[in-house]
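Number of protein chains: 2
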Amino acid sequence: MSKSIAGPEIERLIQLLARVPGLGPRSARRAALHLIKKKDQLFAPLTAAMAEAVDKVRVCSTCGNVDTSDPCTLCTDPRRDGTTIIVVEDVSDLWALERAGAMNARYHVLGGTLSPLDGIGPDDLNIKRLVGRVAEGGVSELILAVNATVEGQTTAHYITDQVAGMEVKVTRLAHGVPVGGELDYLDEGTLSAALKSRTSF
Amino acid sequence: MSKSIAGPEIERLIQLLARVPGLGPRSARRAALHLIKKKDQLFAPLTAAMAEAVDKVRVCSTCGNVDTSDPCTLCTDPRRDGTTIIVVEDVSDLWALERAGAMNARYHVLGGTLSPLDGIGPDDLNIKRLVGRVAEGGVSELILAVNATVEGQTTAHYITDQVAGMEVKVTRLAHGVPVGGELDYLDEGTLSAALKSRTSF
Chain L
1 MSKSIAGPEI
11 ERLIQLLARV
21 PGLGPRSARR
31 AALHLIKKKD
41 QLFAPLTAAM
51 AEAVDKVRVC
61 STCGNVDTSD
71 PCTLCTDPRR
81 DGTTIIVVED
91 VSDLWALERA
101 GAMNARYHVL
111 GGTLSPLDGI
121 GPDDLNIKRL
131 VGRVAEGGVS
141 ELILAVNATV
151 EGQTTAHYIT
161 DQVAGMEVKV
171 TRLAHGVPVG
181 GELDYLDEGT
191 LSAALKSRTS
201 F
Chain C
1 MSKSIAGPEI
11 ERLIQLLARV
21 PGLGPRSARR
31 AALHLIKKKD
41 QLFAPLTAAM
51 AEAVDKVRVC
61 STCGNVDTSD
71 PCTLCTDPRR
81 DGTTIIVVED
91 VSDLWALERA
101 GAMNARYHVL
111 GGTLSPLDGI
121 GPDDLNIKRL
131 VGRVAEGGVS
141 ELILAVNATV
151 EGQTTAHYIT
161 DQVAGMEVKV
171 TRLAHGVPVG
181 GELDYLDEGT
191 LSAALKSRTS
201 F
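Chains as they are written, first to last, in this note's numbering: chain L, 1 to 201; chain C, 1 to 201.
These are calculated hints, taken from the structure and not from any lab test. Among these hints, one or two may not hold up.
[Stated by the list, open to error] List time: in silico PhoX-like cross-link candidates among lysine-lysine, alpha-carbon distance up to 25 angstroms: (1) L:K128 <-> C:K196; (2) L:K38 <-> C:K128; (3) C:K56 <-> L:K39; (4) C:K128 <-> C:K169; (5) L:K128 <-> C:K56; (6) L:K128 <-> L:K169; (7) L:K56 <-> C:K169; (8) L:K56 <-> C:K39; (9) C:K196 <-> L:K38; (10) L:K169 <-> L:K196; (11) C:K196 <-> L:K37; (12) C:K196 <-> C:K169; (13) L:K56 <-> C:K128; (14) C:K128 <-> L:K37.
The model shown is predicted, which means the values in this text are computed figures rather than measured ones.
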């Protein structure tokens, strides 16, 4: 909006809302208006929730998950099987696998994939900490739940090389994950099936 | 999410984000994760913008627009033609007309349309204040920019009756083919209206 229709505070709110994934310039205006109309039911509670979350959000120093505590809820949950680590590219993949609820293991978030063309090497990812977790012992299986892309598979191979010689079995998700597909978009059934029929890497 | 993956603050953030128009349960998770990742660039500024807006938002007691001042920016702008009032159903319609930038007039937001079936009568809308603005004088034209629905037209007729006898011209938006629109996709009502009010070329 070139000319100011509403006050600068509302204009700024719309501009920032437009940068939230899922919203664009037009839907940001609709969202802002809806928030203003539902001031007590939605706008104020959402603002409070954001203020609380923005202060408390931490990246887990063990697994790379985001949570409000470090180590995170999943790393400290005593009911989880600590002998299995599911390695994912991104927190969104972790959330997708947790929604599928197929395994009660621990996780490790890489924060991306190896991509020499983009200048992303092993040191840019959370790989050293993963190798450390395996070296500390007690881990019998690494499930490489990376995306079925070239970068994902390259990263899987690199990790396999890094833990070669250690007492750990490395597996990967079963085929069933569509080639080129992203975990976050898959249905829970497919994700469960892919986990159950995981194969040796 | 039935079980808690992230901390309760993040879960609550996701739940509230899912109620923002344009986002759903899945995109709310993606949005939350994006906010967390872009903590300094987006999450913190957006939270601050929301906190500022939620406190400052006002409904203009003159025209019903939302703004951070009352009377609003449009009602106090001395460069606007106060003799013409564009009557709209909703603030979103006001914003749409302002983006079009076709007129430099003042506005009046009704807050809905008459709908006896839904129990919405004249007293539930911002009509009395509109009649008052006309009665105060200085207004020569009311443009009824209500939607071309049964409720919109009923509301337009009601307002016309209310200001009958006052020194004010009541007009409505022209019906016709949208600019860039294809005839094939238009409804019969629009086509009939466009034919009836055809203009010389």
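Worksheet item: For the pair supplied as a hint, L:K128 and L:K169, is the alpha-carbon distance within the 25 angstroms limit?
Response: Satisfied, since the Cα-Cα distance of roughly 18 angstroms is no more than 25 angstroms.
Discussion item. Hint check: C:K128 vs C:K169, CA-CA at most 25 angstroms. Holds or violated?
Written reply: The given pair, whose Cα atoms are some 18 angstroms apart, holds under the 25 angstroms limit.
Practice prompt. Take a quick look at whether L:K56 and C:K169 sit within 25 angstroms of each other, Cα to Cα.
Written response: Outside the cut-off at roughly 58 angstroms; violated.
Worksheet item: Does the structure keep L:K169 and L:K196 at a Cα separation of 25 angstroms or less?
Response: 15 angstroms, holds
Worksheet item: Are the Cα atoms of L:K128 and C:K196 separated by 25 angstroms or less?
Response: 75 angstroms, violated
Worksheet entry | C:K196 paired with L:K37 [C-alpha distance capped at 25 angstroms] | 39 angstroms, violated
Item to complete: Assess, step by step, whether the Cα of L:K128 is no farther than 25 angstroms from the Cα of C:K56, and give holds or violated.
Response: This hinted pair is violated, its Cα atoms lying about 48 angstroms apart.
Discussion item. With the threshold set at 25 angstroms, check whether the alpha-carbon distance from C:K196 to C:K169 stays at or below it.
Written reply: Holds, at about 22 angstroms.
Worksheet item: Under the criterion that the straight-line Cα-Cα distance not exceed 25 angstroms, is the pair L:K38, C:K128 satisfied?
Response: OK: L:K38 and C:K128 at ~24 angstroms, within 25 angstroms.
Discussion item. C:K56 and L:K39 were given as a pair; does the straight-line alpha-carbon distance stay at or below 25 angstroms?
Written reply: 11 angstroms, holds
Worksheet item: If you draw a straight line from the CA of C:K128 to the CA of L:K37, is it 25 angstroms or shorter?
Response: 21 angstroms, holds
Worksheet item: Taking only the CA atoms, is the gap from C:K196 to L:K38 under or equal to 25 angstroms?
Response: 42 angstroms, violated
Violated hints for the displayed structure, listed by number in ascending order: 1, 5, 7, 9, 11, 13.
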